[in-house]
Every structure is written in structure tokens, then in C-alpha cells.
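Trainee: With chain A held as given, fit chains B and C onto it using these hints.
So the chains spell out like this:
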Amino acid sequence: MEAKRVILALFLLFLLSKSSAFPGRKSRVHKPCKRLVFYFHDIIYNGENSKNATAAIVGAPAWGNKTILANQNHFGDLVVFDDPITLDNDLHSAPIGRAQGIYVYDKKEIFTAWLGFSFVFNSTEHKGSINFAGADPLMNKTRDVSVIGGTGDFFMARGIATLMTDAFEGEVYFRLRVDIQLYECW
Amino acid sequence: MEAKRVILALFLLFLLSKSSAFPGRKSRVHKPCKRLVFYFHDIIYNGENSKNATAAIVGAPAWGNKTILANQNHFGDLVVFDDPITLDNDLHSAPIGRAQGIYVYDKKEIFTAWLGFSFVFNSTEHKGSINFAGADPLMNKTRDVSVIGGTGDFFMARGIATLMTDAFEGEVYFRLRVDIQLYECW
Amino acid sequence: MEAKRVILALFLLFLLSKSSAFPGRKSRVHKPCKRLVFYFHDIIYNGENSKNATAAIVGAPAWGNKTILANQNHFGDLVVFDDPITLDNDLHSAPIGRAQGIYVYDKKEIFTAWLGFSFVFNSTEHKGSINFAGADPLMNKTRDVSVIGGTGDFFMARGIATLMTDAFEGEVYFRLRVDIQLYECW
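So the protein lines, in turn, are chains A, B and C.
According to full-length UniProt numbering, the first sequence is numbered sequentially starting from 1.
According to full-length UniProt numbering, the second sequence is numbered sequentially starting from 1.
According to full-length UniProt numbering, the third sequence is numbered sequentially starting from 1.
Simulated from the structure, these hints should not be mistaken for lab results.
A portion of the hints provided could be inaccurate.
Calculated cross-link-like contacts (lysine-lysine; reagent style DSS-like; alpha-carbon spacing at most 30 Å) [said to hold, decoys possible]:
| hint | chain 1 | residue 1 | chain 2 | residue 2 |
| --- | --- | --- | --- | --- |
| 1 | A | K31 | B | K127 |
| 2 | C | K141 | A | K127 |
| 3 | A | K141 | B | K127 |
| 4 | A | K34 | B | K34 |
Fair warning: this is a prediction, and the values are worked out from it, not measured in the lab.
So that you can see chain A by itself, here it is in the shape it has in the complex (with noise of 0.2 Å):
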């Protein structure tokens, strides 16, 4: 009897390591080990912005050029850009970081996107930089892109970011909600 009661409580511990070892693998809900909400701010160069703009059209197709986003929705316009980031809406609050990296528009038909991007932060509260890449469909409310690695604070990090578009006027300027879920802390 002390033994099968041993066995019992062996097999109990044995399934708690198991489903602790991997959290939520078996389970339909995940549960982020880092939350993170962020917003940033891009400002594209029209020809007329030069002080202003965070972000420039380097590449485009043979039907476009470099200071107006091209027709057929903008298909084929590559950016570069350096956002500040902020924890709340207002393109004036004090930034706490930067997005910079790369978006692309790669549909003819509709407005898509594909990014490969950094966050980079250096202030008291984190160090350390967040890699992200994925698609963004960004007619949709809210679309999730990959996160692919990290540094610093964010070390190894691997998770989602979920983004919504959180303004845009014109186009010259939009405004992004980065909701980050990290799904590997180590």
C-alpha cells in the first residue's frame, strides 16, 4: 500500500514537471511570460517634411518614386524608417525608444505590408532591443507579426506582437499599437 501510494504521488509530481516544463504547449491557452504595449509613430518624407520625417521611400517600382507612395496600392515601396516609440498615444510624449528597420508594401490589390524591424530601447527602465519580422495585413483591425529574438532586458525573447493601427492622416503619418506578448523569457 506505501508503495502503490508512493507510485501515485510519483506519477502525480511526474505530470505537474511535464505540463510545467512546457506551459501551455498542451493547453489551448497560452499565457505570455512578458506584456508589453507600445506605441510608434511613422512620418514618411514627402519632398516638403525634411525636419519632420521619421521614415524615407528608398526603394520603389519602375511606375513609382521616391517622395510619393506609389499607385496600385503603394505595391513595390520599400521605407526606412526610425520611429520614436511612446507608452501612450500622443506623437509629443517623451519617447522611450525607437523603431527602426524596414516595411515593404507588397500587394497590388489591397494595402499589405512585410516588416523587419527593431525596437530599441536605452533608457533607465529597459535596455536592450526586441527583433520582430512578419506580414501585416494592415486592413485588418489587428494583425500579429513574429517576435524573433531579443537582446539585453529582452534576451532570447520569442513571442507575438499583435498590432492595430491606431491612427493615420493622409499619407504622411500613421500610428501604431504594439501589444508584445513574449511567450520565452529566459
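Mentor: Positioned in the frame of chain A, the structure of chains B and C alone reads:
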């Protein structure tokens, strides 16, 4: 005796636990937790095929332009694409998703490319995205790129994808076979 | 008494199992499972060095061109590269692989870049590729990017790479020291 048998059982469970905690990490042969094979089709814009083109040159070296792939094995040409994904090798099959992103030809002496792109699915069968990055030495029969993340049905996926050039026609059309092997499935 | 001792042994094993299942995740100091140091060499095309150049500007902002790095700290310049990798800091050492991909200069006020690239090896020593992405604030003495995946000998690798500018000559040549620390090895 009883206790010894219990301890033996315990050790066996312990070993079992270890080996299943890291499936395949100790063995030479890793087994994917998910495997998917698709084809995608790239028709590059050449100045005359505006209707059919799924890709366009948007960056080119000093010696290149936007409607003809550059000399020196297209070194420096950067292409944005939105290519249909099909289950078989027929361009005219019903697409089940889109391959979206960028590639660059990056060697003067031979055809070689670097890819950053996503598979985007929104059908009853698959919803979500798979994100890829890596070198594509395209004169090799097969070559591997990394699956660096995923969303939706492919949440947190990691693995590799084996690319094979299934067909090419001049400098306008090519078709890739993509054999996706995921080794981390959530 | 017997059962108690068994349960104790069981707990110890359980704890052991947990700590070795996540090597280093609990401790402050993570130890790489693999470490590699390389150098790579970038010679940018300037209109006159066609033979030696290993990289070319293929995207530039409205105020830039393809043979001179742009004003404003090269903001917006997008470069495609195929750089030799060497074991020491000598450009003329036998290359043991190629660093291939893209970088963009992405800040107006200071030199900063974003990188997406691969190390491609095909020698007796190393076969396969390592894929990288991340921000490169290149005025810092060292900076970290993510290892986002690998193939062949580096199958499923993850980690970080510490970059250091080992030399630069005007706007034509630079050499990076890359200290690769893998924390996931399969």
C-alpha cells in the same frame, strides 16, 4: 525490496521525462512535429506584364534598372513579391495563401539570393502566418532557410524549410517547392 | 520511513529535472552551448572599384544616389552584400564562408543600421547557415543582434551575436568582428 523497485520506477520515469522533454535533441535524427509542402509562383514585372506580374524590382545597383534584372547575376536587385501559394505545381490551381516579402540577389559570380518573407493563410484549412528568413543559394538542387516564427495556427512555430526550384522560364517566371518542417509546435 | 526517503529522493530528482530542463534560465549568467568568432569584410561599390566591391547601394532616399552614401548619416541607404568571412582580421586570409544579406542605415542624426543576413558555410569545418537579424547602433563599441535560426551544422540554432567594428577606412571598407553565442543547440 519494495522501495528499491519504486526507486527503479522513478529512475525510468525520470529518464523518460528527460528524453521526451527534448524530442530528438540527443538523437542524430530529428522528427518534425508538423510537415507541409507547398508551391509558390513568382512572375516578375518586366515593363510589359503589368496584369500578371506578382513581383517587382524595387531596388537595383547603379548599373541596373527596374524592368530588367541586372548584369553580374542580378547582384543587387531587390524584389518585392506577393506570390500565390498552391498545393500542386500548377500556377492556375486555386491559391490557398500568399507568399509575401522580399528577396535580393546578392552575389556577382553566381545566382544566389537572400529571402525574408511570410506565408499568409486565411482559409478554412489554415489561418495564420509562417515567417521565413535565410540564404538561398539557388543553383543548389535543395537549400534550407529558417522558419523564424509563426502566428495563428502556426503560433510560435520554428523549423526549417527546404526550397527547390521546380521550374523557371527565362527571367520572368519561377516556381519554388517549399517543404516546411516544423520542430517546435505549440 | 522507507517511503519518506523515497519521496525525498523523488523530490530531489524532480528539482534536478527542472533545473537541467532549462539550463541557465533561472540563473543570471547564461552559458552558450556553442561559441564562434569570425570577421567579415565589406567593400562598398563607389563607381570605381567594381572588381573588389563586395557590396552595393541598391536603395537610396530621394536625396541620395547609388555610388555615394547619402547625407544625413546615410539615412535611407540600403546595401546588398556578399562579404568574405575570415577567421582572423586579415581581409586577405582564405575566406571560410560568406556573409550575405542586406543592411540599411536608418537614422538621420547618427550612424545606425538594421541588418538581415546569413553566414553561409560550405567547408569541411562548417556546413550550413546561421541567420541573423537586428539593430546595429554602430557607434557603440559592441552591440548585439539575434541569431534567429540556422540550418545544417547549425540546425535550429538560436542565440545572440556581438558585433564590433574592427576597422573602417573612409566610406569604402569596414570590418566587423562577430562573436556568436548560441544558447539553443540541437
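Trainee: Next, verify each hint and record whether it holds.
Mentor: Hints, one by one, checked against the model:
1. A:K31 with B:K127: Satisfied, since the Cα-Cα distance of roughly 20 Å is no more than 30 Å.
2. C:K141 with A:K127: 16 Å, holds
3. A:K141 with B:K127: 16 Å, holds
4. A:K34 with B:K34: 27 Å, holds
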